Amino acid sequence: MNIPVDAVERPELRRPVALHRRRSKIRERWRRAKSALLLGLTGLATLVGLIPLVWILGDVLIRGASVLNLSFLTDTFKPTSLGGGGIAHALVGTGILVGLASVFAVPLGILTAFYVAQRPNTWLGLAVRFGTDVLSGLPSIVVGLFVYTLLVKGRGYSALAGGVALAILMLPVIVRTTEEMLKLVPKSLREASLALGASEWKTAFQVWLPAALTGIVTGLMLAVARVAGETAPLLFTALGSNTLSTDLGKPIASLPLTMFKYTVDPSQVRNAQAWAIGFIIVTLVLLLNIGARLIAAWRSKMMSS
Amino acid sequence: MNTCTVARRLRHVPTSALGRRLEHGDVLFRAVIALAALSLLGLMVGVGLMLWLNSQPTRAAAGWSFLTSTVWNPVDEQFGAVPFIAGTLTTSLVALLLAFPLGLLIAIFLAELCPARLRHVLGFMVELLAAIPSVVYGAWGIFVLIPRVVTPLGHWLMQTLGTPGRFPYLPIFEGPFFGASNLAAGLVLAVMILPTIAAISRDVLLAVPRSQREAALAIGATRWEAIWQVVLPYGLSGILGAAILGLGRALGETMAVTMVVGNVAQLSASLLRPGYTMASVIANEWGESRTILYSSALIEIGLLLFVMSLLLNATARLLVWRVARKTPEQRA
Amino acid sequence: MRTRSVLLLALLAVVVLVTACAPKTQVVKETVVVEKVVKETVVVAGTPQVKEVVVTPTPKPMDAPGSIKLNASGATFPQPLYEDWAFAFSQRDPSVVINYAGGGSGQGIKDIKAGTVDFAGSDALLKDADYQEKPNLQLIPTVAGAVVLAYNIKGVDATITLDADTVVKIYQGKIENWKDPAIAKLNPEIKFPDLPINVVHRSDGSGTTNIFTLYLSAVSEEWKNGPGAGTAVEWPVDKLGRGQGGKGNPGVAAAVQNTNGAIGYVELAYAKSNNIRYAKMINAAGNVVEASIPSTMAAIKDAKFDDRLGAIIVNSKQPDAWPIAGFTYLIIQKDYQDCKKAEKIVNFITWALTDPGAADRAAKLLYAPLPKEVLPRVMEAVNKVTCNGKPVVSK
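Chains as they are written, first to last, in numbering that gives the first Met the number 0: chain A, 0 to 304; chain B, 0 to 331; chain C, 0 to 394.
Bound conformation, chain A alone (with noise of 0.2 angstroms):
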């Protein structure tokens, strides 16, 4: 603090003051390179950050891309004496698993959201909105538990059960996704259509929606992003298989239980095409999230215009 004194007038006073003006640059000094200092390590810190993601996607680019070909895509599944055949049977099983999931998840997901959007304060709005952020932290393994108990016991692993453990990790994300994207369409718009004498459910499936469907699509290519990569859940529902299967009613392959199986093998080969397959689910991952925001940069450059 400076204090002001007349140092002409009280001389006795001439010499603390200088002393304190200098300790106050020092300080002032100290703080600003302190200041300067963290404000260099949260930088820092970013870059330290983003250097496993970088690596990550590093090596799965280089350890995959060079067992990627054309026929790795197309062949089955073969045992390593045999040169260890391809993924196809992987690659179809995750797209009838997605597949599945979405079946049970958007409609389910989408009707929920409308209440929420609806009626966000009633108990049961309420409710939901809480039930979602937490059933969205459960852990996946859990839901496989579920989901063995439900629909395995008794009846065999089966692709319809691995389907319905993805969903109910993919409801939580499109839920929510879909109430705010829905909550985003201006309400003159809906109470038009009611005033023109269009019932609620009209108004909804036939204006609201589609008003907010740019945004629901992305919500739905974030939850597919989501559960494409999942594991555990389905390592006691769909169970995985060596096989090209559509039947619903039997154990079929997903990229990642593919992935886990090989990685944890110790032939070459097979590490190889985990590294592989590691490749082409980050592509789709990486893929449905930057086509994600980017139709969601290009929706609200829509708007504002």
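These are calculated hints, taken from the structure and not from any lab test. These numbers were taken from a predicted model, which means no experiment stands behind them. Be careful, since some hints might not be right.
[Unchecked claim] To be clear about the criterion: a stretch of chain A counts as covered by chain C if any three or more of its residues have a C-beta under 8 angstroms from a C-beta of chain C, and this derived list gives those stretches: (1) 78-84; (2) 235-242.
[Said to hold, decoys possible] No farther apart than 30 angstroms at their CA atoms in a straight line, the calculated lysine-lysine pairs in the BS3-like style are these: (3) K383(C) to K152(A); (4) K173(C) to K184(C); (5) K389(C) to K152(A); (6) K77(A) to K112(C); (7) K271(C) to K77(A); (8) K201(A) to K186(A); (9) K152(A) to K333(C); (10) K383(C) to K300(C); (11) K77(A) to K363(C); (12) K339(C) to K389(C); (13) K126(C) to K371(C); (14) K152(A) to K133(C); (15) K112(C) to K152(A); (16) K371(C) to K300(C); (17) K126(C) to K152(A); (18) K303(C) to K363(C); (19) K126(C) to K300(C); (20) K339(C) to K77(A); (21) K190(C) to K153(C); (22) K339(C) to K152(A).
Even for Gly, the Cβ is constructed at its ideal location relative to N, Cα and C.
With chain A held as given, fit chains B and C onto it using these hints.
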């Protein structure tokens, strides 16, 4: 019957009040969406109920000793969950200790210092870390992280800080060390929860009203002091919520941890020894839990996991909501 | 507008329902006519003459390719062989697709008891309690294999030799370092580094563990009274922090491969085909033997099969026997409800046990075939399989 009714009937317009209500389909619509919402809640309750009911045999047989016994012996049907609870807590806490400071610093950078366009790109890149699947982290952990980072680090820690009889001696770094360990799992988990902590903290910091910062700068604080002494305390509950959410995510992580933690159900003070987490034991041993007692013991571990993640998530969400709600009301 | 969306929804619902409820096996009645040329002895004008007659057998309906899916899980011990056999059998009979999921003997036994798979693989024998719970189960021995001690010591490229006592002590945790004099005594020419031993075992219920611990119990009273034998035991090394668990034979092999100083027990095929070094052993007769088909066959020479077709062959006294050998089994049901599946399972096992091509594939992967003396008893059990009470194989 009058002409009005006849006319209505001819044009397929309902004649009764109930008919009018049903015609629009609104009652049906409202019922359907309410049912959907209820089923979501029912799902959550159902998972908890299933876990509770199916763990009954072990709860009856072992009672509270399940939570206090360190013996996990499926052959003799003795089940104690302590090694797994300890393993889960150890790996998650190590992950949190590493990821929280780093995540907070990243959040500060993104919220305070970054120019707006760069913020989107960098924030997105940090969030990409969260999108990478667990099994890819596990493979990277086995083939890259353990040989190149964990093994040299572990050996160094063991030699400098973990040799008994030589100062300084910290039992948490005592060997023998072979790569797959609690430390390896903690490191991989740290990378996995970093984006969660960074992203949510960044959102919390962005939600702090500008006036707070400006007031601090106006009375002569440096930028760092403004952030550290004003903005952070304001958003503290939210940042704490971010940390708890990260912890919750670390608790439930299965695949990446199973692949690098060593899978040995022994309590140990050392981070350099192999461990076992609750999620890993379910993943490894569920496939062959033959007896009812064994299956229900694993389900009881699942129940513990469910309850822990439920509590953590609920607390975290409440904390984050509190900051969001505080902002518009309390304007200095 | 409304009708269109309703129609689309209905179509979607129908598609989902149809794919979900589609019949599991589709039998397409295709007929295949194969002409055979048969030499027949025909009496023509009093003199027997050999004529070639073209015989057109009655056309047999063929199943559509891939229409019969068999699911199995279980032991990883024979998994490389079963996967090979499944592939080869599908090429012979394209209507069958066999999916062997692995997961360990423990999982196989659980799954076949729960009915979630069509057959299971296990190296561990079923217990009396298992038969009491599910009397419908039948053990079928298929091949014998060798369990070897694979190791990874940076700096040691030669093959080391171990004996029963050292192996027991390593797994008890009493021998802690590769430099231990007990190991050096058995390997005088090899220079071991000062490296702690990381002892790898199975983290799941395993028939391979069963075979290995039966061996340890046979050679050490202390081990027998301590951890004992079984598909899952308490490993003393875990308490000392020098143990590591791997899931399945592949998991143990991978753990050994990735850890310097590790030793672990795996089936021979896993070590050999992945170039992981494995130790020679000194057997009960005092000779140094290497794991191979001849030494495995020596071990099964004295095999005694009980009335449930199980046999234990560890620590054989034969001079050339590999000490840690074991049979592996398929667990099938005595009676199936799906006749097509039962037929294909019987065909598969019959082919696997009797076809020379199948035996070749097993030999290539270093699995030894069943002794000739027990084969008739095994085939009798296979041929007794019924479907809904009716025998599958018509005699």
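Could you work out which of the previously given hints the structure breaks and list their numbers from low to high?
Violated hints: none; all satisfied.
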